[in-house]
Amino acid sequence: DGGITQSPKYLFRKEGQNVTLSCEQNLNHDAMYWYRQDPGQGLRLIYYSQIVNDFQKGDIAEGYSVSREKKESFPLTVTSAQKNPTAFYLCASSDKSGYGYTFGSGTRLTVV
Amino acid sequence: KQEVTQIPAALSVPEGENLVLNCSFTDSAIYNLQWFRQDPGKGLTSLLLIQSSQREQTSGRLNASLDKSSGRSTLYIAASQPGDSATYLCAPSSARQLTFGSGTQLTVLP
Chain A
62 DGGITQSPKY
72 LFRKEGQNVT
82 LSCEQNLNHD
92 AMYWYRQDPG
102 QGLRLIYYSQ
112 IVNDFQKGDI
122 AEGYSVSREK
132 KESFPLTVTS
142 AQKNPTAFYL
152 CASSDKSGYG
162 YTFGSGTRLT
172 VV
Chain B
9 KQEVTQIPAA
19 LSVPEGENLV
29 LNCSFTDSAI
39 YNLQWFRQDP
49 GKGLTSLLLI
59 QSSQREQTSG
69 RLNASLDKSS
79 GRSTLYIAAS
89 QPGDSATYLC
99 APSSARQLTF
109 GSGTQLTVLP
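Protein chains in written order, with the numbering used here: chain A, 62 to 173; chain B, 9 to 118.
What the hints contain is simulated information worked out from the structure, not anything from laboratory work.
Quantities reported herein were computed from a predicted structural model and do not represent experimental measurements.
Do not rely on the hints blindly, as some may be mistaken.
For each label pair, taking beta carbons as the anchor points, the in silico distance ranges come out as [to be verified]:
| id | chain 1 | residue 1 | chain 2 | residue 2 | range |
| --- | --- | --- | --- | --- | --- |
| 1 | A | Val113 | B | Ala103 | 19 to 25 Å |
| 2 | A | Asn114 | B | Ala103 | 31 to 37 Å |
| 3 | B | Val21 | A | Ser128 | 44 to 50 Å |
Beta carbons: idealized from backbone N, C-alpha and C, even for Gly.
Work out the full structure: start from the sequences and follow the hints.
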């Protein structure tokens with residue numbers, strides 16, 4: 062079955078560490094996205110990529126970095142510069158036309 | 009910048025009721041609008057997608073309408089069931105990006 066796989070489901074980070082969240086899709090979608098969700102709030106866009114080797118900042122990109130070396134993969138690194146990284150992170154993809162988005166099951170990151 | 013408002017923020021109803029969730033958005037230049045469901049601690053499940061040229065879409069007990077000119081969409085749930093309990097998110101799409109509201113948290117009581 063086609064879909065998006067995010068791993069790990071839960072991640073704990075010590076202050077000052079960088080961590081990388083994985084996102085893989087087998088839908089042959091061109092565009093991929095990373096969102097952050099805080100309790101009681103909507104999703105906010107961190108980064109997006111519409112084609113391999115190209116990506117753009119979203120609304121809250123500070124303290125995050127991404128790469129898009131393969132069409133299927135769009136990993137997100139949460140750097141030590143992100144002051145409040147504890148949140149639920151969701152990856153999504155869409156085809157070139159933007160017709161409908163598919164979401165992964167999310168990664169919950171906690172700073173300890 | 010697109011802003012999305014969902015009303016009510018929370019709703020509790022007895023099983024069997026028909027209900028309406030509201031979504032408003034500030035920029036009417038949208039490509040489409042998608043309704044999602046989110047269960048606690050889970051990802052988003054797409055329920056319905058309405059193209060900007062369409063007025064409504066139906067799937068089973070769900071019906072979503074879109075009035076692009078007024079910046080409004082509604083999600084109608086018929087004969088609600090306890091399994092419908094979740095947070096419902098509205099997301100208009102423009103410039104190939106989704107903008108989300110804060111959602112409506114629905115509880116259907118048995």
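Unsatisfied constraints (hint numbers, rising): 2
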